[in-house]
Amino acid sequence: AQRVTQPEKLLSVFKGAPVELKCNYSYSGSPELFWYVQYSRQRLQLLLRHISRESIKGFTADLNKGETSFHLKKPFAQEEDSAMYYCALSGHGGTSYGKLTFGQGTILTVHP
Amino acid sequence: KAGVTQTPRYLIKTRGQQVTLSCSPISGHRSVSWYQQTPGQGLQFLFEYFSETQRNKGNFPGRFSGRQFSNSRSEMNVSTLELGDSALYLCASRWGQFTDTQYFGPGTRLTVL
Chain Z
-1 AQRVTQPEKL LSVFKGAPVE LKCNYSYSGS PELFWYVQYS RQRLQLLLRH
49 ISRESIKGFT ADLNKGETSF HLKKPFAQEE DSAMYYCALS GHGGTSYGKL
99 TFGQGTILTV HP
Chain C
2 KAGVTQTPRY LIKTRGQQVT LSCSPISGHR SVSWYQQTPG QGLQFLFEYF
52 SETQRNKGNF PGRFSGRQFS NSRSEMNVST LELGDSALYL CASRWGQFTD
102 TQYFGPGTRL TVL
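If you read the protein sequences in the order shown, they are chains Z and C.
Numbering follows my numbering, in which position 62 of the first sequence is assigned residue number 60; successive positions increment by one, without gaps.
Numbering follows my numbering, in which position 62 of the second sequence is assigned residue number 63; successive positions increment by one, without gaps.
What the hints contain is simulated information worked out from the structure, not anything from laboratory work.
Bear in mind that the values here come from a model prediction, so they are computed numbers and not experimental data.
One should not assume that every hint holds.
Said to hold, decoys possible - Listed next, the in silico BS3-like pairs over lysine-lysine satisfying Cα-Cα at most 30 Å (straight line):
id, chain 1, residue 1, chain 2, residue 2
1, Z, 13, Z, 55
2, Z, 55, Z, 71
3, C, 58, Z, 20
4, Z, 63, C, 58
5, Z, 55, C, 58
6, C, 58, Z, 7
All chains should be modelled from the sequences, with the hints used to inform the complete structure.
Here you go:
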């Protein structure tokens, strides 16, 4: 079974402060991990994909297979980062075709 | 390229009725996945279609069904609606047959009265 856990439902920081959104996963194999973001009144959109190792909007995420974690980090939060963030996992093989398993999401609020 | 589109954007139905939702993927994408989003359960996978074939199905009752056409457009159908079916239904498309980034539509908000 595959599972994604985001332990924080709400996270508040001040502008310019570092932010870390936690994500832990459970999967027997090598999954693909994603971070999706949903800004107010907008559709769900991809923020990061672990395989690409890119930094998008200043966010980075490192896959730690030993701790089965994929935490999202940004050194200096901006007000426009306020949104709902979802960590998602994609497995391999028949029962995983086209299936993303999402965490419950973390609402990030960046205060001025 | 135009993004994933879903129609209608809002629907109100009564218990016992059935409903059909439509999804047009990004041009060239052959895989379409459907998800149900509710405040209590979050985002849950319904099913995935690739080249008109359902390849995967989530843990939902048989009242939830879908299909995909030769142009990759997809529909999902919910029969005998229940109050608990009220949700935002999202579809997502991707290019590849296997693991690849999924691009989401805006969703159809279904309210069952």
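Hints and how they fare:
1. Z:13 with Z:55: holds, 15 Å
2. Z:55 with Z:71: holds, 11 Å
3. C:58 with Z:20: Within the cut-off at roughly 28 Å; holds.
4. Z:63 with C:58: holds, 27 Å
5. Z:55 with C:58: violated, 34 Å
6. C:58 with Z:7: Status holds; Cα separation ~28 Å.
The earlier numbered hint that this structure contradicts is number 5, and it is the only one.
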